[in-house]
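J.: Add chains B, C and D to chain A, keeping to what the hints say.
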Amino acid sequence: MIPVEYIVLIAFLLCVAFYTVSYGIWIWKKRNRLGAVMIFLVAIIAVILPIYILIFREV
Amino acid sequence: MKKKTVFGNWEAGAIISNLICAKVFLDSPRLAVETAGTAAWIFTIYIAILAIIGFTVIQRLYKPYEGKDLLDIAELAAGNIGRVFVGLVIILCLGWSTTAYMRLFSENMKLISLTTSPLSFVELFYMVCLVVGAYLGMEALSRLHAFAVIIIAAGFLLIMLGVVNYIDLGNLLPILGNGAEKIFIKGASKVSAFFEILVLFLLAPFLKKYQNFRATGYWSLGLSAVFLLISSFVFSSVFPYPSSLERTIPIFHIARLIKLGRFFQRVESLFLFIWAASSLLYISVTFYFILFTFQKTFQLDYYKPLIIPFAIIIMSVSFIPSDFTEIIGYEVNLFRNWAWIVAFVMPVLLLILARLRKKKPAR
Amino acid sequence: MDIKKRIKNLLFFHEPQMEKPFILKEDSSSDGRDNSDIEKNKEGSRKKKNEDLLLLKKLEKIKLTDKKEGSDKEEKPDISKQLSENKRVIEERFSIPLNGDLIIRKFDITVKDSVIAAFLIFFDGLVDTKVINDDILQPLMLLSNLDIKSDGENILNYIRSHILPHNQLKEARTHQEVIDEVYFGGCGLYIDGLDTAFTADVKEFPGRSVERPNNELVIRGPQEGFTESLRSNTGLIRKRLMDQKLITENIIIGRRSRTPCSIMYVKDIANDSLVAEVRRRLKSIEVDHIMDTGELEQFIEDDPSLPTPQVMATERPDRVCSMLTEGRVAIVMHGSPFVLVVPVTSNDIMYSAEDQYLRFPYSNLLRIIRILALLMSLLLPAIFLAITNYHHEMIPTDLLLAILSAREKVPFPSVVEVFLMEISFELIREAGIRIPGPIGPTLGIIGALILGQAAVEANIVSPILIIVVAVTGLGSFAIPNFSAGFAFRILRFGFIILSAISGFLGITVGLVLMGLWMVNAKSFGVPFVSPVAPRTSGGFSDAVLKSPVWKQEKRPDYMNAKKGRKQPHISRRWINRDVDSNKSDSEDNNG
Amino acid sequence: MARGKLLVIFLMLAIICPVMTSCFDAKEVDDMGFVIALGLDKGKTNALRMTLQIAKPMAGDNGGGGGKDDGLPYAQFSVEAPSIYSGLNMINTSASKQISLTHIKVVVFSSELAREGLGPYLHAMVRGREFRPNMPIVVARNTAEEYLESVDPKLVVNATKYYELVYQSYKYTGLIPKVEFHDFYLSSESLCKNPVAILGNTAKFQSVDEFDLKDSTYLEHGRSSPFEGDFYAGDIPALGGSRSENIGLAVFDGDRMVGELDGTNTTFHLLCTGDFVHSYWNVPDPLSEGHYVLLDIKQSRKPRHHVEIVEGKPVIHLTFNLEGDLLSVQSTIDYEAGDNSMILESAVESYIIDQLLQYLDKTVNEFQSDICGFGTHARGLFTTWAEWEAYQWKSKYKDATFTVDVNFKVRRPGLILRSKSSVTSESGSDTQ
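Chains as they are written, first to last, in my numbering: chain A, 1 to 59; chain B, 1 to 363; chain C, 1 to 591; chain D, 1 to 432.
No wet-lab data here; the hints were simulated from the structure.
Using N, Cα and C, we set each Cβ at its ideal position, and we do this for glycine too.
Between beta-carbon pairs, the in silico distance windows are: (1) D:Ser300 <-> C:Ile467: 37 to 47 Å; (2) B:Gly222 <-> C:Arg359: 37 to 47 Å; (3) C:Ile450 <-> D:Thr45: 55 to 65 Å; (4) B:Pro242 <-> D:Ser300: 29 to 39 Å; (5) D:Arg256 <-> B:Pro242: 12 to 22 Å; (6) B:Leu158 <-> D:Ser300: 23 to 33 Å; (7) B:Leu158 <-> A:Arg31: 54 to 64 Å; (8) A:Ile7 <-> C:Leu11: 13 to 23 Å; (9) A:Ile48 <-> B:Gly222: 39 to 49 Å.
Chain A on its own, in the form it takes in the complex (with noise of 0.2 Å):
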């Protein structure tokens, strides 16, 4: 079983790369096509990561 504390700390990751997510179309509204796309790329590494080492990996 996922511990309680995982699931809170999934769910601030999810809040943040939601924010830089959103942050990023702004970018990509001011025709900013590379950095838009770098930022979701920060936001995804930023939830993915994580959540591989709580998982998957003993710390």
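T.: Relative to the frame of chain A, chains B, C and D by itself:
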């Protein structure tokens, strides 16, 4: 948002010196001993001279590009692609040193005082400083450095003075240690100890004037060379050569020896103050420059929304290496052997390219 | 709805609004000032700065004119020539006859064979009735009958120049002016047939006379403190600072209370943009009533969340004067015995007025002790906790065993112990102030003693902790600035929590965070930790320790004053005179 | 701005949440039992027998005597365990407090254990952060347990202070070596130096009647009666005070004990290493047989070592600069000035050289162990570490030859400027 932050030589020098010298509290003295044996102090002088020569070359070439940082120069040299490439390289290097230092410092903290706390708990403290530092920006960080670095340096020198009774100059003999070849030829790549000078090339727009840039570079290189020298000198003269290689945290072992009568013993915990402060500043500054480089590379308007995602990434990456020795291995054998290419060769190449591209760069 | 909006705000990116922070820059109009090295370095960027400054000024102008349009209505002369009309307006404005203490004295003036009706208004209790009788009523009613030497003049001039011997007589064009004066202890004189009223200053407020300052005591130095009346306060400042360029600008704050305030500065020292900023901030305050500079401080400070005060409140005229000479701006407010001085830096709140009057070795000793006191009041309980909970090896063994046996019977963890003692100490402190009369301090001491003793006897706290808390308390009393003491008392609790969490690491993190916070703050455009961070010339030498008075040649660099130098390089000229009197004399004269 | 602050607050909350659940490392002082002395013996049932002295909390409380029952300021525990840390675990099963080693003042090894090699224990002590680097190392000639027990609790009010002070006595007696764990460990690993430890034991005499001199080394030193240093620990004919005695040193080769030296040799060991501060010496009177001159000897300058390698063998030159104050001249010969003082000085010099050579001879021939660290000076003769390593100093030390040079000067005659013999009724007129 385009507020121009300008600060003086003092602040910039303090930042660079702290960046270079933070490794004194980690493993720099031991590294010097590993490479050069009893001649660690000669080795330290040697790499300092190499770094200063490298910087001289760079600052000569840099002269026409007053107030431009490495990314601007990369853009001049190779256009957008150049800027993105250089930006990514810088982000990777700084990202690595931030994660590695964060992990190493927290691991050491666990070794010394918080033995039973989980690693993530210790790293959270670093995270908070990192986020707040990046949020308040370079101006606040530089000002904090202006006086914090003095306190750190004073504390460091006090530790060094405290063990003066234990210094045995005989431990510096044989004079050439591991042999001239190992020191001067194989050791040359260890000039990467001064890798953090790279940050100075990013600081350039804050410094504005070329003279400031040059003065800051020489001052901080000189000062940090002195501190590195003092640390490796004291360490290798207090601990004789083969045994000194055993010590995980050289300065901590030195601090343990301090004894002033019956009352002041085991004051190494006090040393934790300057140690933690130095590492916190190091991590905050490199983290800020990751964001700064990212912002500049991809021409974003704001970096602040990216602070937390980046902090999360940094923290997660620092958890990836499974143990202490693994991360030391990466840091010492991989990064500190090749970082000089990024810190010294890359700027030189870029500057030469930029000169070739445009004989007269537009101001 | 609100919560939904907040969450939305939190989750979506919004472009931050641009805020233009006020940064104190070097003044463009500065000439004849000596350029130190740093200033020379900045020469290149000066042009740019000037542009910024111009822009800033333009912005201010726009705002000022905005303001003016709003208040234009009041400025229009509205005094009628009809006395009865004026009387009606005044009665309406003062809510006569509801208002009991407003006196309206009607009388007739005989001028050049004609009898002119007039009336005088003033508040009973705010004015000196003798002055009104002797200098206003008597001449108007009696002396106007005397022979008239000149004629052909209008009555207004005639009355002003011949009849009224009172020393402070102003003409008012609007009722509002008259009313303001009347509220500030003046009397208004309306004369039939004139569309101008006279106001005369006859104030005699009930209030204290000049006494010793209550809170900022010194042993060596002047013993006068400000009182609650504006003019005596400005007078106390002028009495000391006999400088022709000392300016006192009047300004009124509070839409209803209309409290008179004064901005004081030395014109050719204080930076113009600083004065303009102070004026702008004060004028922009929209509030009904304002009672004390304590409130005013909160209206004008830069960062309300910063724990330390960003405005200096002092009751010592000499302190204000010395700060004015450094190029700062003082704000005096009617009704408050504390004068605000801006901008301040962290040093100013750490040092007392006495430092300057004592010989420099003495004051340096005091300064070092005060820094120690600050560190103790901020960190001592935290360090005690960290050592006893995390770093046992640091304590000398004998002491450790003493602590150990003292704690053996105490049931609480030491964090709880520390909190318990700290809170009860704060309690004693607060109670000590509120207890009426002279028993207060005595009771405080006795309370502390008995409480401490009993707590130890009852094994609730360990005796060593009492020492720690007591020393901490002493330390917080040694901080000269009242508000700063508060700041460190609050921060102390944060440090206690941090050190309970993770020992010295927590304290270090706290210090770094606090450092970042402080360093980021500004007081009226001056970085708060100024001479140290950012470092300006001579930052460390002057910030921590004081040099002898004759070596304090320059005004603080961060003030960007118009004149950087306070005294020539050689201010003790008698020293050179012995060596080579003629030469040095002529040189100094030239310089 | 406000949103940024909210984020920071959120982050703070995220941190505080785990924090509120646990303060991971916080340990109250009164939850810990602080060990002040640790003794290690060979166990009967297991590799080690550990003896711990744990300070009692009440010891400092009432100013004096301490606990109610037996008046001991500490509680002594013994346990047999395979290693130090497992021993701690075993003691924790009976002791109510968690045992902390951060305040250990002394570690005592039994000589039996020391002769087998201390390597494994030393490594454990370096690796753990709790041990102090400046605690002294004692080798007990019998068992460590007995030695620690003999620290007489009735006279020792504050055991930690006793341990802290008693091992500093080398500064004024010169009868024990200066030993810190830090040096001890480094020397045990060093290529150029061997460690020494303080030699301790329980006094063997219980009453005056038992006094004898059969274990004294005075004959070895060529004396007719023993000087203060001519004993090993435990053999001194003395009573009273703490029954634990510290005199002499244990010679190690690497981490293995190879022999013992008595107090007199220890003094000369201190002289050679430069740790000698001052002590009182008896020197045979050069002009009057059977009398002694008492001197307070100090080191006026650190000794100079000069090492050469001649034909692969070390040749060591030592130069000592000593000074002394006259404390007593039994023969009442006027040694304060003139030729007499020259005679005394040269006599002292030759006496010291003689004794020194005896001591050095012992280290070379008997123990073949460079406990003075001459190797540290020999290192300078090589340019690289590889060459030095190849020379193998420790094995070459047995071939070492010495030349010793001593400069001794009587500086102060004490409070008496001119010695005069006491005047008896018979000889009174003669002396005048």
